[in-house]
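Protein chains: 2
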Amino acid sequence: MCEANAYLITDGGETLVMEAVDEVSPEKDGLKLVNIFGEQKFLRAAVHSLSLVDHKVFLRELAP
Amino acid sequence: MCEANAYLITDGGETLVMEAVDEVSPEKDGLKLVNIFGEQKFLRAAVHSLSLVDHKVFLRELAP
Chain P
1 MCEANAYLIT DGGETLVMEA VDEVSPEKDG LKLVNIFGEQ KFLRAAVHSL
51 SLVDHKVFLR ELAP
Chain F
1 MCEANAYLIT DGGETLVMEA VDEVSPEKDG LKLVNIFGEQ KFLRAAVHSL
51 SLVDHKVFLR ELAP
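Chains as they are written, first to last, in this note's numbering: chain P, 1 to 64; chain F, 1 to 64.
Chain P with its partners taken away, still in its complex shape (with noise of 0.2 Å):
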């Protein structure tokens, strides 16, 4: 399986606000994932980047 774990890039460094990722996509003014659980979040926040082999998403806050 090639589900990832997304962080939330902060100031002091990054935070994990989801493991095991599957699909990611914009909703509203944001992102919603869904995991392989079926567990939904939505953040806003959009993707900063991806380092897929070491199965890692990066998103950052959006400006309120």
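FYI, nobody ran anything at the bench for these hints, they're computed from the structure.
Take these hints with a grain of salt, some might be off.
Intra- or inter-copy, both count: the list cannot distinguish identical chains.
Using 25 Å as the maximum straight-line C-alpha spacing, the simulated BS3-like pairs for lysine-lysine come out as follows [to be verified]:
id, residue 1, residue 2
1, K56, K32
2, K28, K41
3, K56, K41
4, K56, K28
Add chain F to chain P, keeping to what the hints say.
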């Protein structure tokens, strides 16, 4: 390995722009893609969505 294929969303559908993508990172006014073979590509685009279990990264062109 958990690389993915990158597709650019166009009016007509989806165009494969790079196979076996590992790293996607912001660069200037677009994205730099690097695949597992070390090949690089720059696109004036942003990440639209991800479908990681299907090994797919969807990109959208940025307005000129």
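Each hint tested on the structure:
{"no.": "1", "hint": "K56 with K32", "in the structure": "both (16 Å within a copy, 16 Å between copies)"}
{"no.": "2", "hint": "K28 with K41", "in the structure": "within (13 Å within a copy, 29 Å between copies)"}
{"no.": "3", "hint": "K56 with K41", "in the structure": "both (17 Å within a copy, 20 Å between copies)"}
{"no.": "4", "hint": "K56 with K28", "in the structure": "both (23 Å within a copy, 22 Å between copies)"}
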